[in-house]
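Q: Required output: the full structure, derived from the provided sequences and hints.
Number of protein chains: 2
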Amino acid sequence: MADDALIVFTPSGRRGRFEKGTTVLQAARSLGVDVDSVCGGRGLCGRCQVTVSEGEFAKHGITSRSDHVTGWNEVEERYKTEGKRAFKAGRRLSCQMRIVDNAVIDVPADSQVHKQLVRKRAEVRDIVMDPAVRLHYVEVDQPDMHNPSGDLERVQQALREQWGLDKLEDCDLRTLQHLQQALRQGNWKVTVAVHRGRRITAIWPGFRDRAYGVAVDIGSTTIAAHLCDLQSGEVLASNGIMNPQIRFGEDLMSRVSYAMMNPGGAQEMTAAVRQALNDLMAETAAEAGITPEEILNATFVGNPIMHHLLLGIDPTELGGAPFALATNSGITLWAAELDLKIHQDARIYILPCIAGHVGADTAGVALSETPHLSEDIVLIVDVGTNAEILLGNKHRVLAASSPTGPAFEGAQISSGQRAANGAIERVRIDPETLEPRFKVIGCDLWSNEEGFRKQTRKIGVTGICGSGIIEALAEMYMAGIIATDGTIDGAMAARSERVRQDGRTWTYLLNAGEPEITVTQNDVRAIQLAKAALYAGARLLMDHLEIDQVDRVVLAGAFGSHIDVKYAMILGLIPDCNLDKVSSAGNAAGTGARIALLNQASRDEIERVVHGIEKVETAVEPRFQAHFVEAMGIPHTTAPYPRLRSAVPLPAPKKATATDAEGQERSRRRRRREHAPTQE
Amino acid sequence: MADDALIVFTPSGRRGRFEKGTTVLQAARSLGVDVDSVCGGRGLCGRCQVTVSEGEFAKHGITSRSDHVTGWNEVEERYKTEGKRAFKAGRRLSCQMRIVDNAVIDVPADSQVHKQLVRKRAEVRDIVMDPAVRLHYVEVDQPDMHNPSGDLERVQQALREQWGLDKLEDCDLRTLQHLQQALRQGNWKVTVAVHRGRRITAIWPGFRDRAYGVAVDIGSTTIAAHLCDLQSGEVLASNGIMNPQIRFGEDLMSRVSYAMMNPGGAQEMTAAVRQALNDLMAETAAEAGITPEEILNATFVGNPIMHHLLLGIDPTELGGAPFALATNSGITLWAAELDLKIHQDARIYILPCIAGHVGADTAGVALSETPHLSEDIVLIVDVGTNAEILLGNKHRVLAASSPTGPAFEGAQISSGQRAANGAIERVRIDPETLEPRFKVIGCDLWSNEEGFRKQTRKIGVTGICGSGIIEALAEMYMAGIIATDGTIDGAMAARSERVRQDGRTWTYLLNAGEPEITVTQNDVRAIQLAKAALYAGARLLMDHLEIDQVDRVVLAGAFGSHIDVKYAMILGLIPDCNLDKVSSAGNAAGTGARIALLNQASRDEIERVVHGIEKVETAVEPRFQAHFVEAMGIPHTTAPYPRLRSAVPLPAPKKATATDAEGQERSRRRRRREHAPTQE
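Each protein sequence line maps, in turn, to chains A and B. Residue numbering for the first sequence follows our numbering, beginning at 18 and increasing consecutively. Residue numbering for the second sequence follows our numbering, beginning at 18 and increasing consecutively.
It is worth saying that the hints were derived from the structure and are not from the lab. Quick caveat: nothing in here was measured; it's all calculated off a predicted structure. Misleading hints may appear alongside valid ones.
Pairs count within a copy or across copies, as identical chains cannot be separated in the list.
[Said to hold, decoys possible] Calculated pairs, EDC-like style, for lysine to aspartate or glutamate (alpha carbon to alpha carbon, straight line, at most 20 Å):
(1) K97 / D506
(2) K184 / D621
(3) K137 / D127
(4) K105 / E71
A: Structure follows, in structure tokens:
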């Protein structure tokens, strides 16, 4: 028809004919083009910006010109001058301009509701914005005595009619208590927060577009929070504090013991973590220049014990076999149910735990690293006091937890310490002289470089952290100081004074200062035990998948970000893999919490994925013990690590020693017992 | 087949062939026969009792004998001796006895899940037991390390498998916090309370069959609670207390004023009513020998202002046009959200309000009296400070509220008082001598009977209550003391000293004692205003339905239970109707709350019904004013009341007096103004 114009939207390519005079936003909506709007096309929010393309578009058979839409009206003019919200060049407000003639309209990424937040690493999915809590501006009918209905019901009607929310169920009582005032203060124009398209959780008079959420990772040692803008997905502030539960026990099992031994102990720890969360959220909100009451949604990950304590569930059952979780489903709650001082009706979502040893933090890792979508077989390890391990691809994912103990965190190591200023984090040993050089956290220089002493005068060289001990051991192995079986070779004392006798065993002196930092035979054994547990867990899952090698390895968590993957592989922490196929994911658990915050569908996804993950309990698998014993050697006793060897020149493996043989014999005996219980 | 037997269940008539050895309960369930059970067929609850019929059943073609099922086993034997739970003669436990041969099995009413509670009045429905909160005993799988799942998820699985609850959604946090201990204390046998088949709200170790609910009617003056057994439907205790909000204002509008004039006033009244509810529920529970924590469900009705104050919603908007409700939907909440001290996860259901003046109490009346199911046209009036009126039948129901004022409750009457000991409630006047006789509350004798003085020495004759003033006026009218226009006829002073001059008007002396009890001209006017409002409301709804008479009248509420319907009609409170078609429903609002408590489907029903009710706002209907003025006379000025006249000998109506004529003129003027606003 003569009064129609052809409108093509890019990048979607959707097209349709519209009567002249139709607003561009209406046209976009009727075609299902993804254009953001909080105010529903009233020119208040400034989110529905588009650009009108200029030129001949042969592909579409039309000429598009900027005057093929109406010019700037009063409403748009306002945006020319409003500093912060001023438009970028060429931008127009699609709700204000009307169609005059054929046009190609481009919807820039930041104007899309479901915009993609691009993640840095190539192998992971971008985050599509689709938060569980959304704001909707509505104009509500006034009450009519001839046709009486509740104010709430008219708000619901407006949400249905103006926003298509046809699944609305209910309204939080506290919001209902303030609904009438908000409507009248706003002169029947209000902004409503709706949770998952179903439940009204907040209402404000007039127009509002500030909505925030927080993603929290509750670790045994530290709690980290990321405050996000629920509209843009931007992280506005990140913060971490110590988990105050540490005063009830350094590691998880001592906290469970505290709960078991002290009546009310679990409640004490619950109160402590909730208080810390309130402090953390208040601080993070202040940093972003908002109040905690503006936080409308929060997501949490944590290991099973942190998960249970947050919820106020006594973790005693997680302290012993069969390690029964109270629940392995995702949980949606009000903030008030957890005594959290954010918006009174903020919703909390806690990711599901996978098994008694594999928590919501690992669910977060899975959501971030998506093994369930992977074409190739990926091994993901998140190393903490326990190592959580995921293995699989889009067909099948397995999970296990391996009892590595805290050696990788510097505990149980004679000179061990947490990763903090003064801790040795990098080590090199000259294979000829056996002389070491190292770097400490807080100083960019190597210890043999000029200025190192001066720069470290204040921080000192105080100990060795997890990544440092890994490198020290790998370098000692490559220098021949440590044999394949982990023994420090006393014969080396002839070549260097740094190798010293210490009773019946030998030590290696890394730094002669105060304190003296050495690597003892016990240190080597502690790391051997830890790395054997980690490897055995991975290997056990590989057995279940019936594979002998993995295509990719992802190291998650703080430890995974700091170690040099080459050294991890030299020591045999992880199975053999091409070095360029090993990557660090950083705090993948926290990223998972952030994904769950910004994309509501991901909550359903992770619950489905967690349900489908095959849980392997290392404690009841005889093969775990066998792999564990076999993995004590460096890299380990039996596997040749051909792919590592092609990248790193390693010493030729020595013959198995008595230690290995004994271990293998023990393991064989154990397996026989377990598999043939009636024969004894 | 030879190993099959034909089993017929009565009274349902359902029949089927079953393998011998099948339990009778299994057979009943597979046929969908309604047999109760809390324990799921484990012989713990004793609810699935049946009797085996003896004899030839030609209709079914079988012989049934008591030995066509297996004999008493150990489990059944226990019930022989357990005092309180001992079986009635002939009763057997259907879950324990197994089929041996053909049999007719009778399921007595008290063994049915959906048993009917028979209500006394013929015109109303019986209540079918189907409470929103039900108990289910389950045996739960123990955790298995080879197949880890949460304890909650195994409870849910047991509820699905053993009870067919396949719509389970979630679990209350506070229940989840105690779930693991309950499972272990109960050795994996627990009783679970489930709300509406969907949400787990409580858990106890082992078997339990105590579940209670409370139905509450929050009146402006009194609050009444009925504590019910959720299994049997029995009312275990009923109790009433004064509404402490009276200290903020005697009537509703003064409470709204209090909220408007005093910052925090609404919250004060909310706290007062919630505290009273806690006291009332504790007292009622104690009376029934249970603890408040055993109350798992509560339902509430009340007028819109009581409804809003209970919910913590400021009632200011209800104080003036357009009388906007915050919500007109039914509301389901946790007890904790209303600070109610019953079971921590008890569910509250509040019936929907109908309009700004027509509350959840009227919704309760509708649920109890079911106008929406009536074949004939029923007028239901619930008289309090306002009169709530429902009119209609199964095709159409209308509702309105009429501003009667508190005269019917004894307020605004010179000698008026609440219905309490010493109040005159019945009056007769001798048409010849004009001498009265009366009865007072607390004494069974008439005032002219021997012993009346002695029996009333303590309580006295203190005033006149609502039903008393109605009878006094009607008797005065029939004795000719009051004219059709309501004037006390001074000419009667010649016939009796009881008619006395009082300034420019006359009074009638009802009792000469201390205090002296008289009926003044102002008293007559107050009742005329009240009854005209009531009548005009009913008449307005009749106009909307385009009818001139109603088939039935139901008087609900305390006032409706105490007045003699004949006198109500003589005065013209209600439209003309056959006297035997006028009934009292008692506290129908409270009954509605009880129905909503005992039958969950009724909640959906009343929300549907309320949605469909046509709301008529008397304040904006010009015809209301016209009817009001016309209804000032006794019975009233224009209607002939032929059906009343056929039952009661009434004086011939006198001609309209100046008062009537003036009133009609005023009303006509008003109508003209309202309909033609531009002409002035």
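Q: If the cutoff is 20 Å on CA atoms, where do K97 and D506 land: within, between, both or neither? Let me know, please.
A: Intra 75 Å, inter 83 Å, cutoff 20 Å: neither.
Q: Could you place K105 and E71 in one of the four classes (within, between, both, neither) given a Cα distance threshold of 20 Å?
A: within (17 Å within a copy, 92 Å between copies)
Q: Is it within a copy, between copies, both, or neither that the alpha carbon of K137 lies no farther than 20 Å from that of D127?
A: The answer is within: 18 Å in one copy meets 20 Å, while 68 Å across copies does not.
Q: Measure nothing new, just compare the shortest in-copy and cross-copy C-alpha distances for K184 and D621 to 20 Å and report within, between, both or neither.
A: both (17 Å within a copy, 17 Å between copies)
Checked against the numbered hints given earlier, the structure breaks only hint 1 and satisfies all the rest.
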